[in-house]
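Guided by the hints, dock chain B onto chain A, whose structure is given.
First to last, the sequence lines map onto chains A and B.
Okay, so the first sequence: first residue is 4 according to the numbering used here, each after it adds one.
Okay, so the second sequence: first residue is 16 according to the numbering used here, each after it adds one.
One or more of the hints may lead you astray.
To be verified - One-sided excerpt, in silico: chain A residues whose CB lies under 10 Å from chain B:
1) Arg198
2) Leu236
3) Ala244
4) Pro254
To be verified - Simulated DEER-style distance windows between Cβ atoms:
5) A:Ala263 <-> B:Val74: 28 to 34 Å
6) B:Arg34 <-> A:Gly308: 47 to 53 Å
7) A:Leu265 <-> B:Glu50: 22 to 28 Å
No wet-lab data here; the hints were simulated from the structure.
From a predicted model like this one, the values you see are computed outputs, not experimental measurements.
Positions of the beta carbon are idealized from the N, C-alpha and C atoms, including for glycine.
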Amino acid sequence: MRVDESFAEEVLVGALDGVHGNLEFSGELPDRSQWVVRLQFSADDARLAGRGALLEALFRLKEKLAAEGLFAESRKRALPRLPRRVGLVTGNDAAAKRDVLTTIQARFPPARVLVAETYVQGPRAAAEMVAALEAVCVAPEIDVIVLARGGGSFEDLLPFSDERLVRAVVACPVPVVTAVGHEQDTPLCDLAADRRASTPTAAGKLVVPDLEELLAGLARARDGLARGTRRSLERHQTRLAHTHERLRRAPTLLVERRRAALTQTGGRLRTLSPRATLERGYAIVRREDRLVRSTTEVTTGDTIGVEVADGSFGARVE
Amino acid sequence: MTYEEAEKELTQIVERLERGETSLDEALKLWERGEELYRFCVGQLDAAEGKMEELAKRVDAARPAR
Chain A
4 MRVDESFAEE
14 VLVGALDGVH
24 GNLEFSGELP
34 DRSQWVVRLQ
44 FSADDARLAG
54 RGALLEALFR
64 LKEKLAAEGL
74 FAESRKRALP
84 RLPRRVGLVT
94 GNDAAAKRDV
104 LTTIQARFPP
114 ARVLVAETYV
124 QGPRAAAEMV
134 AALEAVCVAP
144 EIDVIVLARG
154 GGSFEDLLPF
164 SDERLVRAVV
174 ACPVPVVTAV
184 GHEQDTPLCD
194 LAADRRASTP
204 TAAGKLVVPD
214 LEELLAGLAR
224 ARDGLARGTR
234 RSLERHQTRL
244 AHTHERLRRA
254 PTLLVERRRA
264 ALTQTGGRLR
274 TLSPRATLER
284 GYAIVRREDR
294 LVRSTTEVTT
304 GDTIGVEVAD
314 GSFGARVE
Chain B
16 MTYEEAEKEL
26 TQIVERLERG
36 ETSLDEALKL
46 WERGEELYRF
56 CVGQLDAAEG
66 KMEELAKRVD
76 AARPAR
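Next up, chain A with everything else stripped away, as it sits in the complex (with noise of 0.2 Å):
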């Protein structure tokens, strides 16, 4: 049985319950010795298989993908603060597209978009998605891409859950966002995004910033880039008076040092000189202006002059 390729890759493994169709049989001997038979089977009609049976067949995907290490927070990527161009693979009905759009416009408006409308439900839907991001992501300045999708049924959300989107989205050299179907909704594609966003605005919200938060966080650093400066030129102003107060006291003290030097010296002078010593009682005799030392320097009857500690007076030799 040869099932047709390009219809057997738009399923999951496990998601047909029952394939209505034609089967063809025909066979031929061409050298008595085999049989060549051949059988195919054109299918027309095909029906999905039931909530448990998908369910499975999901689980099974998505434990095979987790254990590849695909959906691992380590591969995650932050997302650019400031993209230049945001790519947006969504499908052309208009709200999740609007959304996230309006978002981006109203947050930032000098951003720039890159559309790429898509189906994003349906038997072709996975296909035309990877298709859409493959070439999205290798446009000019694409810096971040959003995926994303309004809210449906189980099974209109299938198709973001097709194992080569989830390696797609792997793949994108740069980082995807994913806002797909509701908060409870968690296709394998979100898994695998690098971060996974709860509604479409919300997504628009992740890739670009608030222009104006932006503008006033700039205006917060300018100021504090003014006041920074102002304060060190400050500190350089106060240092520097007090170096200079410190400058005009030296000289004056260096002088008072050394006029305090001067009055110790001038006190051990003193100390020196005869003076203290009359002070103490001694006195000196001059005999016509030449001091006396000896006894034989004088002779009775010579007039002689006293110095002491206060004063001087004449006296006679006896």
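Leaving out everything else, chain B in the frame of chain A:
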């Protein structure tokens, strides 16, 4: 001479003077040099302050009216 160099020399002079180890003659010369350095430093700071104010005015003028 940069501000830092001038300030460093000034501080060294003050410290030498405060230690009081110089001759009186030298002290006076150092003081004179110190005053010269001080004037240079003050001039530098005044210039920096003026530049800051001018810059602040220019930045304010360039601030978009929002």
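Results for each hint:
1. With its C-beta approaching chain B no nearer than about 31 Å, arginine 198 of chain A sits outside the 10 Å limit, and its interface hint is violated.
2. About 6 Å separates the beta-carbon of leucine 236 of chain A from the nearest beta-carbon of chain B, less than 10 Å, and the hint is met.
3. Nearest Cβ of chain B to the Cβ of alanine 244 of chain A: about 9 Å, under the 10 Å cut. The hint holds.
4. For proline 254 of chain A, the interface hint holds, the least distance from its beta-carbon to any beta-carbon of chain B being 5 Å, beneath 10 Å.
5. In this structure the supplied range 28 to 34 Å is violated for alanine 263 of chain A paired with valine 74 of chain B, their Cβ-Cβ distance being about 56 Å.
6. Range check, arginine 34 of chain B to glycine 308 of chain A: about 52 Å between beta-carbon atoms, so the 47 to 53 Å window is met.
7. The given range of 22 to 28 Å is respected by leucine 265 of chain A and glutamate 50 of chain B, whose C-beta atoms sit roughly 26 Å from each other.
Violated hints, listed in ascending order, are 1, 5; each of the other numbered hints is respected by the structure.
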